[in-house]
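> Protein chains in written order, with numbering that gives the first Met the number 0: chain A, 0 to 222; chain B, 0 to 248.
No lab work stands behind these hints, which were simulated from the structure alone. Cβ coordinates follow ideal geometry from the N, Cα and C atoms, glycine included. There could be a bad hint or two in this list.
[As the list claims (entries may be wrong)] So the derived label-pair ranges between C-beta atoms look like this: (1) B:I61 with A:V163: 49 to 57 angstroms; (2) B:E77 with A:S100: 44 to 52 angstroms; (3) B:P131 with A:P102: 47 to 55 angstroms; (4) B:D119 with A:T80: 32 to 40 angstroms; (5) A:G119 with B:P131: 52 to 60 angstroms; (6) B:D119 with A:L50: 55 to 63 angstroms.
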Amino acid sequence: MARTMWDSSVGKKTVMAVSGLIMLLYLVAHMIGNLKIYFGAGEFNHYAHWLRTVGEPFMHYEWTLWLIRIVLVVAVVAHATSAYQLSRRDIKARPSKYVHSKPRASYATRTMRWGGVILGLFIVWHVLDLTTGTVHPGHFQHGHAYQNVVGDFSHWYSNVIYIVAMLALGLHIRHGFWSAAQTLGVGSRARDRALKTVANVLALLLTAGFIAVPVGVMTGVVS
Amino acid sequence: MKLTLRVWRQRDAGAEGAMSTYEVDGISSDMSFLEMLDVLNEQLILSGEDPVAFDHDCREGICGACSLVINGDAHGPERTTTCQLHMRSFQDGDTIDIEPWRAAAFPVIKDLVVDRSAFDRIIQAGGYVTAPTGAAPEAHATPVPKADADFAFEHAECIGCGACVAACPNGAAMLFTSAKVNHLNVLPQGAPERETRVLDMVGQMDAEGFGGCTLTGECATACPKGIPLVSITRMNKEWLRATRKAGKR
Numbered sequence: 000m001a002r003t004m005w006d007s008s009v010g011k012k013t014v015m016a017v018s019g020l021i022m023l024l025y026l027v028a029h030m031i032g033n034l035k036i037y038f039g040a041g042e043f044n045h046y047a048h049w050l051r052t053v054g055e056p057f058m059h060y061e062w063t064l065w066l067i068r069i070v071l072v073v074a075v076v077a078h079a080t081s082a083y084q085l086s087r088r089d090i091k092a093r094p095s096k097y098v099h100s101k102p103r104a105s106y107a108t109r110t111m112r113w114g115g116v117i118l119g120l121f122i123v124w125h126v127l128d129l130t131t132g133t134v135h136p137g138h139f140q141h142g143h144a145y146q147n148v149v150g151d152f153s154h155w156y157s158n159v160i161y162i163v164a165m166l167a168l169g170l171h172i173r174h175g176f177w178s179a180a181q182t183l184g185v186g187s188r189a190r191d192r193a194l195k196t197v198a199n200v201l202a203l204l205l206t207a208g209f210i211a212v213p214v215g216v217m218t219g220v221v222s
Numbered sequence: 000m001k002l003t004l005r006v007w008r009q010r011d012a013g014a015e016g017a018m019s020t021y022e023v024d025g026i027s028s029d030m031s032f033l034e035m036l037d038v039l040n041e042q043l044i045l046s047g048e049d050p051v052a053f054d055h056d057c058r059e060g061i062c063g064a065c066s067l068v069i070n071g072d073a074h075g076p077e078r079t080t081t082c083q084l085h086m087r088s089f090q091d092g093d094t095i096d097i098e099p100w101r102a103a104a105f106p107v108i109k110d111l112v113v114d115r116s117a118f119d120r121i122i123q124a125g126g127y128v129t130a131p132t133g134a135a136p137e138a139h140a141t142p143v144p145k146a147d148a149d150f151a152f153e154h155a156e157c158i159g160c161g162a163c164v165a166a167c168p169n170g171a172a173m174l175f176t177s178a179k180v181n182h183l184n185v186l187p188q189g190a191p192e193r194e195t196r197v198l199d200m201v202g203q204m205d206a207e208g209f210g211g212c213t214l215t216g217e218c219a220t221a222c223p224k225g226i227p228l229v230s231i232t233r234m235n236k237e238w239l240r241a242t243r244k245a246g247k248r
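Chain A on its own, in the form it takes in the complex:
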């Protein structure tokens, strides 16, 4: 069954849909957690620490966090690999372009591939920036999440990278969520409007929620 899935273009789309939804679910939780920055350093750092102790005493320190990280890495790799293979196939299937051509699909639909590449690069930068601190522009300290975020967004280029990536995320989700529903066969004529609305609301809320953090630092509300 796994073989049938992976060998078929429809099956690979299923892999993309499921992995995309896993990442989407994570992003909702991530966004809500981020907003705690508006309640001060104490609450935000306490929340960051709690993320490492979830599930104790059954789970050891950071076990739950690592479990989530592993699931996410698997999802990202599965999503990107199938996207790459499907895109190669699509480009090969249409080798010659029309002399008279016009772009017709929506902006969100046309930017899925490059938007996805931007998001992939952003994930690498984001982990190096605020998880490991490798490329953090300020004085990075483990265990001081609040100070790290404020230090990060005090630099203009961190804001630019972050905000551009979040706009790309919104566009990606707008087409991606609805598409996942079609791939998984849950779309229908009756549900179409509802699915499109949910996709738009999710895209808007996630983009606005994530961008609220650098905006908070830039405006001095978070300092």
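Given chain A, put chain B in place with the hints provided.
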């Protein structure tokens, strides 16, 4: 009407093609698009040139033979087949670009004619029912709910012209394949091959080198018969169901 036509000319499958420009005059707005091309071809024959090759058969919008991309739109600006498109959709003095279907799985044979036998092989893979032939069966012997009958008829409207493939930026045949799968899978007559049909037809579709679906919706917009985009969703559902059932066996 006086028109400037830019037409894709390609001597044979192996040759390099290019757009050639022609002028046609005295076109009536009541002519069909193919009749306008007939006028062009008479003109070319009289001047000793090779006429433009294009596919056509019934010229009444039901056979699916005609296949032109007109100004970037499969079957032109109206939601119909090229043979049912009339010159009243254009203005005097217009320049019209005419190109063949573009897809790796639909290689150009000559000028505007492409090889669509990949569709035949998708049908051969599962687009049939194993029913005893002979006299028509008693109509009430196999009851079909009204909603299912309507659904089947809607998909049976597909004439296999390939406009969906031509319009798709990925050269995908998902709308064509889904129309055929859905048409038979919803009916009791198609039930014995319900799972193998969708698996085999999607497998053949992939093997022919068609692309995948990115849900741009171009196919459903181009379809002269109005096969809806949601047909693809329904086929995905059938495919997942069949894959699960095959996994259990």
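> Determine for every hint whether it applies to the structure shown.
The hints, checked one at a time:
1. B:I61 with A:V163: 49 to 57 angstroms: holds, 51 angstroms
2. B:E77 with A:S100: 44 to 52 angstroms: Because 19 angstroms falls outside the window, the suggested range is violated.
3. B:P131 with A:P102: 47 to 55 angstroms: Between B:P131 and A:P102, where Cβ atoms are some 51 angstroms apart, the hint holds.
4. B:D119 with A:T80: 32 to 40 angstroms: At roughly 33 angstroms between Cβ atoms, A:T80 and B:D119 fall inside 32 to 40 angstroms, so the hint holds.
5. A:G119 with B:P131: 52 to 60 angstroms: Since A:G119 and B:P131 have Cβ atoms about 56 angstroms apart, the given range 52 to 60 angstroms holds.
6. B:D119 with A:L50: 55 to 63 angstroms: holds, 58 angstroms
Against the hints set out earlier in the document, a violation occurs for number 2 only.
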